[in-house]
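S.K.: Residue numbers (our numbering), protein chains in the order written: chain A, 1 to 117; chain B, 118 to 494; chain C, 495 to 663.
A portion of the hints provided could be inaccurate.
Lysine-lysine pairs mimicking DSSO-like chemistry, simulated, CA-CA at most 30 Å apart [said to hold, decoys possible]:
no., chain 1, residue 1, chain 2, residue 2
1, A, Lys-37, B, Lys-178
2, A, Lys-111, B, Lys-432
3, B, Lys-189, B, Lys-178
4, A, Lys-33, B, Lys-432
5, A, Lys-31, B, Lys-192
6, A, Lys-37, B, Lys-182
7, A, Lys-32, B, Lys-432
Hints were generated in silico from the structure; no laboratory data involved.
Quick caveat, the model's predicted, so the values are computed rather than measured.
Residue strings, one per chain:
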Amino acid sequence: MHEYIAIAVLIGLATLIALIAIVLGELFGPKKKSAVKSMPYESGMDPYGEGTRRMPVHFYLIAVLFILFDIEVVFFLPWAVVFRKLGLFGLIEMIIFIAILLVGYVYAWKKGALEWE
Amino acid sequence: MDWVIWLIWIVKGFFLAMFLLVGFAYLTWYERRALARIQVRVGPNRAGPFGLLQPIADAVKLIFKEELTPAKAYKIVFFLAPIITMVPSIIIAAVIPWGPQEPQVKLFGYTISLYVADINVGVLYLMSIASIAVYGIVLAGWSSNSKYAMLGGLRSTAQMISYEITLGLAFVTVILLAGSMRMLDIVEAQRSWWFVVIQPVGAAVFLIAVLAEVNRAPFDMPEAEQELTAGYHAEYSGMKFALFFMAEYQKMIVVSAIAATVFFGGYLGPFVHRWPLLGPIYMLIKIIILLFGMIWVRATWPRVRYDRLMAFGWKVMLPLALAIVFITGFGILLAQELGDPIYLTVIPAASIVAGVIAVIMVNRALTRKRILSYEPR
Amino acid sequence: MTISQIIFLVVAGFTLASALMVVTTRNLIHAALFLVATLFGVAVVYAILQAGFLAVVQVVIYIGAIAILFIFAVMLTRRDMRDRGPQMNRMQWIGALLALLIFIGLSFLLSSWDGYSAVAQEMPADFDTMGRLGEALVSPDAYLLPFEVASVLLLAALVGAVYVAYTRR
């Protein structure tokens, strides 16, 4: 519990530093707005169309894959801590766990979900 | 609760933050000087002796720059994104131990521990803060409402989350070897052998994943100057841009510190258990060496193409990291069952074989594509 | 009131307020961000309860992965991320009433549970939560079966996502 308070103190300090930096910039920087300056940057061309567009579905799929494997990694961690106590039994169990998940991984690979065009 | 405890927390946090800030300033100088040497140039040498005052000059310049906000930007998120990027890069360092617990360091009668927080899930804490760091980037890209920024933000996010899994699995090998998630236990477990000796491929996988995680060359796709201008922070200027820059370099320092802690023996070194204040010095030396490695990589390798970067992460690094986890588990089991630590040598041997297989596969995949592209249509 | 109670009240208030903002804000990305704040509040509650592992896993999985997926989903579905329609319809008061009734019912049920007024005991300093958790996860008397079935669940999600995204090609 105390350790988490120490982390909270550090979060406060870090936020303070970031705010001080931004305030310094706001205080001393010049403020001359113009229409050209507040345009989004497109290498000198006038911006064309919307700034934010629909993103490709691929990014979404990567996020789904990431969630699944992230959960897998989280399962790995407590297992790894007590691995020496569990012995062979623990290793076999984890291999079964991963083997099931690897079926999905191979499926995604074959379907081309890991390709990027 | 004693007010002195609060004071100690604040002072320690302040020291850590200041270390990272000053480290950031001088890392930019170090990088520019080292890159210049590699490219047979001189580098910044006008401000102060050896250009040592250059970072201060840069900071002063950035303070006096105009803060631009694009008219179409989503103002609140645009303001928050640099802060959300900068804060994790400091607080991730909270669990890194800078010296041994025994013997204790005493100051004014109070025991000062050489870390900010010692939590029993230290490794998982590192992973959680690393996953928060993604937010600043995706939000900066989105809130700028600009095509380059959006593309850079998306690419960066996808890249970071892809390599986070590999990073997590590399951590799992460390936990397997140490049998604990506490950073102090992990360092103490390396007193006989550093983990880089037992698991060299794990260390290599970790270092590659970390390069991708902090968006450094050759994985600096999200900010590829030639095609995306600056990526997710294209629309930022002045001190807000400086915060992104600061976050990137602080992350470099912090991940070097983490790599030093989990694979290169952390604060361990000769006599550190007699004079614990040697710990921070050893850490600093290891961090500087690892940072030089990062700069060297930037000077040597060209940028990886984005599709290959993602394919490399998902098709090579992930299976390799998984294989290494099981090889490590198998080796530990073998040594335990047969009662002789000599069998731990199975781990480096089998891992190097796995690593070589991965390299051969990559080589074959690239070669085949090259032949195909020359075929007449 | 002790300090930890005050901290709890502040955190709980923050969590509830951001949860309210999730459903009332117009901008979908802002809603996703308030959801992140809510999840972070829950993580802090776990930390207060000395469940360090849960707190950090909450951040890794929910904030680091699932909320990122939400943000991606929002960016995927709409070109303009602002919802222009009204947030409420005619049923809002009935909905509020139902929610209130459920809340009262749940509080009533909980108050009849004998653990309701118990004070949490301080955990012994050498209590090895990680070890216990790891053993429970893979021991046949505890959670071995759910653990293995979880991987089937993950497999189903993986295949489903790939199938939905890639059938038309």
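S.K.: Is Lys-37 (chain A) within 30 Å of Lys-182 (chain B), Cα to Cα?
M.R.: holds, 13 Å
S.K.: Given the proposed pairing of Lys-31 (chain A) with Lys-192 (chain B), does the C-alpha separation stay at or below 30 Å?
M.R.: It holds: about 17 Å lies between the C-alpha atoms, which stays within 30 Å.
S.K.: Take a quick look at whether Lys-32 (chain A) and Lys-432 (chain B) sit within 30 Å of each other, Cα to Cα.
M.R.: violated, 50 Å
S.K.: Going straight from one Cα to the other, do Lys-111 (chain A) and Lys-432 (chain B) come out at no more than 30 Å?
M.R.: The hint holds at about 13 Å.
S.K.: Taken at face value, is the distance from the CA of Lys-178 (chain B) to the CA of Lys-189 (chain B) at most 30 Å?
M.R.: Since the Cα atoms of Lys-189 (chain B) and Lys-178 (chain B) sit roughly 27 Å apart, the hinted pair holds (cutoff 30 Å).
S.K.: Verify the proposed pairing of Lys-37 (chain A) with Lys-178 (chain B), using a straight-line Cα cut of 30 Å.
M.R.: Measuring from Cα to Cα gives roughly 19 Å; hence the hint holds.
S.K.: Would you mind confirming whether the straight-line C-alpha gap from Lys-33 (chain A) to Lys-432 (chain B) stays at or under 30 Å?
M.R.: violated, 48 Å
Hint compliance for this structure: hints 4 and 7 are broken, all remaining hints hold.
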